[in-house]
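Using the sequences and the accompanying hints, generate a full structural model.
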Amino acid sequence: MIDVKISAEPLDITTCIMKTTDTECGGIAIFIGTVRNKTNAKKVIRLEYECYQSMALKEMKKIAADAVRLSGIKNITIHHRMGILHIGDSAVVIAVSAPHREAAFDACRYAIDTLKKTVPIWKKEVFEDGEVWVSAHA
Amino acid sequence: MKTTILTFGIAKEIFNGASKEMNLKDGITVAELKNSLEAAYPEMKKLHSYLIAVNNEYAEDDLVLDSADEIAIIPPVSGG
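Protein sequences appear in the order of chains F and X.
Counting in our numbering, the first sequence runs from 3 upward without gaps.
Counting in our numbering, the second sequence runs from 198 upward without gaps.
Just so you know, the hints here were simulated from the structure itself, not pulled from any lab data.
A portion of the hints provided could be inaccurate.
To be verified - Taking lysine-lysine and the DSSO-like style, the derived pairs with C-alpha atoms no more than 27 angstroms apart in a straight line are: (1) F:K119 x F:K21; (2) X:K209 x F:K63; (3) X:K243 x F:K44; (4) F:K119 x F:K60; (5) F:K118 x X:K209; (6) F:K118 x X:K243; (7) F:K7 x X:K209; (8) X:K242 x F:K119; (9) F:K60 x X:K231; (10) F:K40 x X:K243; (11) X:K222 x X:K242; (12) F:K21 x F:K63; (13) X:K231 x F:K126; (14) F:K63 x F:K76.
And the structure:
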């Protein structure tokens with residue numbers, strides 16, 4: 003089972019886990035990306051996310067399909083939030099279930115690492131004294 | 198050919214809008230498009246990197262563009 007979603011509403015972590023639960027699986031690994039309160043010692047006020055939605059969903063589906071193919075996991079849910087997020091909010095939830103834990107951990111890590119590299123989603127960090135598109139000029 | 202280029206993130210600010218109408222020569226490649234974009238918007242050259250997406254897929258430099266293509270500028274992504 004593959005479930006990918008981009009949402010303007012707060013992410014529901016329980017829903018992600020429920021969707022991924024499978025009686026044939028012995029474990030669920032979950033990664034939750036949350037909004038940190040500082041970057042390089044600078045206080046973060048909020049993050050603003052935007053995406054190229056049609057392509058972002060397509061790339062997220064590719065990651066999910068590759069995770070199933072490469073790791074032998076059974077189910078993967080990837081939900082990403084859009085819009086204005088505040089400190090502590092969940093920006094992304096990835097839940098993976100597999101018959102054995104090793105595949106679940108591997109696939110979960112593969113999914114978040116690849117999402118950060120390939121999915122057309124952007125975030126702007128807003129500080130007290132300015133704002134910056136993350137990674138744009140790194 | 199007349200086409201609309203979609204822009205996101207910092208590119209949206211550089212182009213001052215979420216899309217840009219452009220007149221491109223017929224048979225233009227992705228590499229040539231990048232050169233014209235950088236000539237018209239020098240700020241693009243300051244980016245760490247950027248890619249062109251055609252019809253929702255990352256495009257190679259030698260791909261020839263068509264007026265019916267959906268073309269987008271993809272500055273460095275930062276999801277998660």
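Would the hint linking K242 of chain X and K119 of chain F be met if the CA-CA limit is 27 angstroms?
Holds - the C-alpha atoms of K119 of chain F and K242 of chain X are around 20 angstroms apart, at most 27 angstroms.
Taken at face value, is the distance from the CA of K209 of chain X to the CA of K118 of chain F at most 27 angstroms?
This hinted pair holds, its Cα atoms lying about 20 angstroms apart.
Does K21 of chain F lie within 27 angstroms of K119 of chain F when you go C-alpha to C-alpha?
holds (25 angstroms)
Pair hint outcome, K118 of chain F versus K243 of chain X [Cα-Cα no greater than 27 angstroms]:
Holds. K118 of chain F to K243 of chain X sits at ~21 angstroms (cutoff 27 angstroms).
Does K242 of chain X lie within 27 angstroms of K222 of chain X when you go C-alpha to C-alpha?
holds (22 angstroms)
Are the Cα atoms of K60 of chain F and K231 of chain X separated by 27 angstroms or less?
holds (24 angstroms)
Checking one constraint from the list: CA of K119 of chain F to CA of K60 of chain F, max 27 angstroms. Satisfied?
Since the Cα atoms of K119 of chain F and K60 of chain F sit roughly 14 angstroms apart, the hinted pair holds (cutoff 27 angstroms).
Can you confirm whether the C-alpha distance between K231 of chain X and K126 of chain F stays at or below 27 angstroms?
holds (24 angstroms)
Would you mind confirming whether the straight-line C-alpha gap from K21 of chain F to K63 of chain F stays at or under 27 angstroms?
The hint holds at about 16 angstroms.
Quickly compare the C-alpha distance for K243 of chain X and K44 of chain F to 27 angstroms and report which way the hint goes.
This hinted pair holds, its Cα atoms lying about 23 angstroms apart.
Hey, K63 of chain F versus K76 of chain F, does the alpha-carbon distance stay inside 27 angstroms?
holds (14 angstroms)
Can you confirm whether the C-alpha distance between K40 of chain F and K243 of chain X stays at or below 27 angstroms?
holds (25 angstroms)
Checked against the numbered hints above, the structure violates none of them.
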